[in-house]
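Now for the letters of each chain:
Number of protein chains: 2
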Amino acid sequence: MTTYPATLQEELLKFLRNDQVSANDTVLANHSKDESYHEWSTPDLVVFPEKAEEVSQIMKAAETSGVPVIPFGLGSSLEGNVIAYDKGITIDFSSMNRVTEVRDKDFLVKVQPGVTRSQLNKELKKYGLFFSVDPGADATLGGMAATNASGTTSVKYGVMKDQIQSLEVVTPGGDIIHTGSLARKSSSGYDLTSLYVGSEGTLGCITELTLRVYGIPEHVMAARASFPTIDYAVGAVISMLQAGVPVARVELLDEASIRQVNRFNDTDYIEKATLFLEFHGNEAGLQEDVAFMEEIVSSHKCEAIDFEKDNAARVKLWEARHNLAYAYIHDSPGKKMMVTDVCLPISELGGAIRHGREKMTELGLDGGILGHVGDGNYHALLMIDMEKEEERRKAEMFNEEIVEYALARGGTCTGEHGVGKGKMKYQEREHGKALPVMQAIKEALDPKGIMNPGKLIHNGRGNGQ
Amino acid sequence: MTTYPATLQEELLKFLRNDQVSANDTVLANHSKDESYHEWSTPDLVVFPEKAEEVSQIMKAAETSGVPVIPFGLGSSLEGNVIAYDKGITIDFSSMNRVTEVRDKDFLVKVQPGVTRSQLNKELKKYGLFFSVDPGADATLGGMAATNASGTTSVKYGVMKDQIQSLEVVTPGGDIIHTGSLARKSSSGYDLTSLYVGSEGTLGCITELTLRVYGIPEHVMAARASFPTIDYAVGAVISMLQAGVPVARVELLDEASIRQVNRFNDTDYIEKATLFLEFHGNEAGLQEDVAFMEEIVSSHKCEAIDFEKDNAARVKLWEARHNLAYAYIHDSPGKKMMVTDVCLPISELGGAIRHGREKMTELGLDGGILGHVGDGNYHALLMIDMEKEEERRKAEMFNEEIVEYALARGGTCTGEHGVGKGKMKYQEREHGKALPVMQAIKEALDPKGIMNPGKLIHNGRGNGQ
Numbered sequence: 001m002t003t004y005p006a007t008l009q010e011e012l013l014k015f016l017r018n019d020q021v022s023a024n025d026t027v028l029a030n031h032s033k034d035e036s037y038h039e040w041s042t043p044d045l046v047v048f049p050e051k052a053e054e055v056s057q058i059m060k061a062a063e064t065s066g067v068p069v070i071p072f073g074l075g076s077s078l079e080g081n082v083i084a085y086d087k088g089i090t091i092d093f094s095s096m097n098r099v100t101e102v103r104d105k106d107f108l109v110k111v112q113p114g115v116t117r118s119q120l121n122k123e124l125k126k127y128g129l130f131f132s133v134d135p136g137a138d139a140t141l142g143g144m145a146a147t148n149a150s151g152t153t154s155v156k157y158g159v160m161k162d163q164i165q166s167l168e169v170v171t172p173g174g175d176i177i178h179t180g181s182l183a184r185k186s187s188s189g190y191d192l193t194s195l196y197v198g199s200e201g202t203l204g205c206i207t208e209l210t211l212r213v214y215g216i217p218e219h220v221m222a223a224r225a226s227f228p229t230i231d232y233a234v235g236a237v238i239s240m241l242q243a244g245v246p247v248a249r250v251e252l253l254d255e256a257s258i259r260q261v262n263r264f265n266d267t268d269y270i271e272k273a274t275l276f277l278e279f280h281g282n283e284a285g286l287q288e289d290v291a292f293m294e295e296i297v298s299s300h301k302c303e304a305i306d307f308e309k310d311n312a313a314r315v316k317l318w319e320a321r322h323n324l325a326y327a328y329i330h331d332s333p334g335k336k337m338m339v340t341d342v343c344l345p346i347s348e349l350g351g352a353i354r355h356g357r358e359k360m361t362e363l364g365l366d367g368g369i370l371g372h373v374g375d376g377n378y379h380a381l382l383m384i385d386m387e388k389e390e391e392r393r394k395a396e397m398f399n400e401e402i403v404e405y406a407l408a409r410g411g412t413c414t415g416e417h418g419v420g421k422g423k424m425k426y427q428e429r430e431h432g433k434a435l436p437v438m439q440a441i442k443e444a445l446d447p448k449g450i451m452n453p454g455k456l457i458h459n460g461r462g463n464g465q
Numbered sequence: 001m002t003t004y005p006a007t008l009q010e011e012l013l014k015f016l017r018n019d020q021v022s023a024n025d026t027v028l029a030n031h032s033k034d035e036s037y038h039e040w041s042t043p044d045l046v047v048f049p050e051k052a053e054e055v056s057q058i059m060k061a062a063e064t065s066g067v068p069v070i071p072f073g074l075g076s077s078l079e080g081n082v083i084a085y086d087k088g089i090t091i092d093f094s095s096m097n098r099v100t101e102v103r104d105k106d107f108l109v110k111v112q113p114g115v116t117r118s119q120l121n122k123e124l125k126k127y128g129l130f131f132s133v134d135p136g137a138d139a140t141l142g143g144m145a146a147t148n149a150s151g152t153t154s155v156k157y158g159v160m161k162d163q164i165q166s167l168e169v170v171t172p173g174g175d176i177i178h179t180g181s182l183a184r185k186s187s188s189g190y191d192l193t194s195l196y197v198g199s200e201g202t203l204g205c206i207t208e209l210t211l212r213v214y215g216i217p218e219h220v221m222a223a224r225a226s227f228p229t230i231d232y233a234v235g236a237v238i239s240m241l242q243a244g245v246p247v248a249r250v251e252l253l254d255e256a257s258i259r260q261v262n263r264f265n266d267t268d269y270i271e272k273a274t275l276f277l278e279f280h281g282n283e284a285g286l287q288e289d290v291a292f293m294e295e296i297v298s299s300h301k302c303e304a305i306d307f308e309k310d311n312a313a314r315v316k317l318w319e320a321r322h323n324l325a326y327a328y329i330h331d332s333p334g335k336k337m338m339v340t341d342v343c344l345p346i347s348e349l350g351g352a353i354r355h356g357r358e359k360m361t362e363l364g365l366d367g368g369i370l371g372h373v374g375d376g377n378y379h380a381l382l383m384i385d386m387e388k389e390e391e392r393r394k395a396e397m398f399n400e401e402i403v404e405y406a407l408a409r410g411g412t413c414t415g416e417h418g419v420g421k422g423k424m425k426y427q428e429r430e431h432g433k434a435l436p437v438m439q440a441i442k443e444a445l446d447p448k449g450i451m452n453p454g455k456l457i458h459n460g461r462g463n464g465q
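If you're matching them up, the sequences are chains L and G in order. In this text, residue positions in the first sequence follow full-length UniProt numbering: the first is 1, and each later residue adds one. In this text, residue positions in the second sequence follow full-length UniProt numbering: the first is 1, and each later residue adds one.
Certain hints may be false.
If several chains are the same, the list does not tell them apart, and a pair holds so long as it fits within one copy or across any two.
Straight-line distance between alpha carbons at most 30 Å, and here's what the computed BS3-like set of lysine-lysine pairs gives [unchecked claim]:
1. Lys125 to Lys394
2. Lys359 to Lys105
3. Lys14 to Lys433
4. Lys156 to Lys125
5. Lys433 to Lys156
6. Lys110 to Lys156
7. Lys122 to Lys156
8. Lys51 to Lys33
For the record, the hints were derived by calculation from the structure and aren't laboratory data.
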């Protein structure tokens with residue numbers, strides 16, 4: 001007599017091919033982790049559906065058996081969001097990776113959840129369009145929707161939530177539903193789109209996304225501005241935002257991060273606290289914006305501004321920025337990366353970063369500080385030797401300190417990485433009496449608690465701490 | 001022995017003053033209607049709370065007795081959204097009308113739900129800031145949030161949902177919860193803010209809003225562009241959007257509407273299909289944008305462009321636009337206004353307006369067509385003699401025809417007015433299998449079904465059709 005998971009595998013093979021269902025050790029191991037420091041845990045099975053109808057059948061089989069289901073993009077999450085702590089079925093969306101429709105006249109595109117950001121932009125370029133959200137990692141769009149990702153361009157274009165026009169979602173019961181419409185705005189019914197975005201697969205599986213896209217800007221200008229201290233750099237950003245300078249990207253890198261950039265790229269950027277800036281617009285407007293920016297950074301003791309004049313230099317600048325996390329990882333063999341992710345009202349950002357630096361020094365932690373400072377969001381990149389209990393404890397303590405600081409000032413424990421397993425413990429502190437409302441929604445939409453248990457929200461199941 | 005509603009009134013008077021609870025006929029009549037053609041119905045009681053704690057106590061009393069609760073702003077809704085079809089308690093928020101905090105450095109402001117849009121802008125002007133959403137009516141911000149209102153500026157700044165940073169909400173059980181945070185972005189927990197926005201008081205009462213505001217633009221330029229037909233005007237808008245011209249407002253008025261504008265205002269605008277346009281930005285960028293716009297409208301047979309050079313002319317332009325609905329009402333004593341409100345993907349807008357005009361002619365209906373065409377949203381303003389069964393039937397038929405047309409093309413039955421009672425009948429057609437998901441949420445968050453029954457969503461209670 002076969003037992004679970006073999007019986008379930010048998011059930012799945014009634015509608016999936018052999019090569020769509022795997023219990024192979026390597027495949028399981030590849031789906032046991034993300035890019036974070038969180039403990040690994042393998043699922044029982046990994047499935048590779050090719051269409052929504054198959055996802056629906058998988059969900060029905062899982063719900064009948066009460067087996068956990070975890071939607072999985074590329075595993076680039078940073079809070080254990082896709083780790084199978086309760087075993088079950090991991091749904092890998094890599095076989096659902098087609099751009100299904102480009103409605104260029106409506107600035108809309110339909111994609112399957114396994115399409116990556118760079119794949120989409122390659123396709124859109126043919127139409128003179130681009131997709132704005134740029135979290136660094138070449139994540140899947142399904143995963144980016146699930147965590148409400150953002151990144152370097154959200155100061156101008158907004159976060160993932162702002163780009164999602166509608167979703168196809170498979171409910172835990174196996175229904176295939178469509179949220180929203182293709183109209184630019186609507187006041188019809190409850191906003192299910194925004195509810196599923198950022199729900200980290202705890203309410204259902206996203207099987208198609210309709211995304212808003214933009215015309216490639218007429219003119220783009222990028223610059224690096226170096227400052228004597230991180231404080232001056234943050235001050236300059238706040239002044240720019242308050243003056244209404246329409247910056248498209250504004251990224252802060254501290255001295256340590258710039259050093260790391262130079263080490264792992266063919267660059268010789270000045271090793272001081274630096275802002276990477278980008279402006280999009282028409283030529284005349286852009287010149288006026290940049291002149292205004294120069295005036296503001298000068299008044300904040302900016303020591304040097306270097307403009308990246310051609311496209312190649314601009315690409316190099318952003319690649320260097322994006323590769324920073326990987327540069328740290330390469331430089332620290334055997335260690336794991338903890339990336340903190342608080343976000344605060346912009347007026348509180350200077351104090352928050354100052355506080356973060358002090359705590360890092362106090363705890364003797366080594367790492368870089370960088371951030372999407374235009375959004376009030378900053379990260380500390382810490383490389384942790386997970387074998388050293390003391391190092392691990394200190395990193396955790398640091399994370400808690402800066403989360404407490406942010407929450408006490410109207411901020412959030414996660415600006416863009418999501419709750420996953422890592423930020424569960426802060427949910428009650430952050431949401432208070434709103435948490436039971438979230439729990440009521442979870443119970444109403446996933447009554448058996450099969451969707452990604454132990455992540456984002458407690459629901460009487462799951463071994464998330 | 002006293003009976004309901006007298007017993008409930010007694011209960012309410014335990015924590016409210018006499019002048020906060022009214023069963024006066026005039027007061028009840030004033031709360032029995034909105035600005036739409038929908039049938040009137042008086043509540044049993046009207047209460048005037050002054051703080052969230054009082055709203056909480058009202059909700060507890062209502063839930064215990066199973067009595068309907070209807071949140072009420074100013075009654076400017078257009079789909080019967082605040083009409084007491086099931087009697088019960090109407091909560092009038094006019095005594096909660098303070099701007100409680102201006103965080104100018106964070107571009108955030110906290111307001112109570114009874115604050116009106118013009119009241120807020122008057123206050124913000126002192127800080128060089130403005131609130132962008134402009135639906136025409138001087139509605140309350142609580143009401144605008146409840147219906148996810150938008151209006152003339154959403155093509156640039158977005159709709160109500162895009163401006164709401166966080167909410168204080170009183171649940172049907174009387175809990176006072178806070179959604180979101182003050183950070184510009186967050187990936188923490190489910191997005192309750194977006195769920196309550198547009199929920200039309202069917203899930204809880206909004207008692208405070210934290211709104212995003214903007215710096216008053218450096219330069220503003222407004223213009224009127226006249227076209228030989230409505231088709232050319234719509235074509236020009238589509239070309240402008242597709243060329244990425246960053247227009248801040250673009251409103252279409254047909255010939256009939258311009259005639260009405262001239263009749264009721266001190267204006268002599270050319271009586272042809274016209275676009276009212278506005279641009280915001282820095283001086284150099286704006287000149288380039290406007291030049292580009294002129295080129296585009298010319299290629300769409302624009303016959304005349306008039307720039308409103310000074311502030312007074314600009315104010316007059318937008319006042320004339322906003323007063324259009326009232327102009328129609330004044331001109332049709334004894335009639336009631338039906339405003340249709342479909343929204344489509346922009347590529348479908350031209351065909352939709354053409355279809356709408358044809359149906360109006362076919363049915364012999366008289367009225368104006370106007371729209372927030374940058375969003376794909378258009379309205380037909382029809383003045384209906386409600387006593388004439390035939391006229392009423394034709395107007396209903398027209399509404400159904402254009403809704404069907406929009407839904408068949410990926411549009412929505414309501415772009416900005418909300419579902420209320422009037423659009424209930426289209427919800428299943430529009431949302432399909434997503435509707436039971438909405439119902440599950442309604443049942444989870446309002447298990448006794450006391451919140452604004454018969455509006456937006458069926459839940460086994462309420463006499464909405």
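Comparing the hints with the structure gives:
1. In this assembly of identical chains, the alpha carbons of Lys125 and Lys394 never lie at most 30 Å apart, being 45 Å within a copy and 48 Å across copies at closest.
2. Taking the shortest Cα distances, Lys359 and Lys105 sit within 30 Å of each other only across copies (26 Å), while inside one copy they are farther apart (51 Å).
3. Taking identical chains as interchangeable, the C-alpha atoms of Lys14 and Lys433 lie at most 30 Å apart only when they sit on different chains, with a minimum of 26 Å there against 45 Å within one chain.
4. Taking identical chains as interchangeable, the C-alpha atoms of Lys156 and Lys125 lie at most 30 Å apart whether they share a chain (20 Å) or sit on different chains (24 Å).
5. Taking the shortest alpha-carbon separations for Lys433 and Lys156, neither the intra-copy value of 32 Å nor the inter-copy value of 35 Å comes in at or below 30 Å.
6. Taking the shortest Cα distances, Lys110 and Lys156 sit within 30 Å of each other both inside one copy (23 Å) and across copies (23 Å).
7. Taking the shortest Cα distances, Lys122 and Lys156 sit within 30 Å of each other both inside one copy (21 Å) and across copies (27 Å).
8. In this assembly of identical chains, Lys51 and Lys33 lie within 30 Å of each other by CA distance solely inside one copy; the values are 25 Å within and 48 Å between copies.
Checked against the numbered hints given earlier, this structure breaks hints 1, 5; the rest are met.
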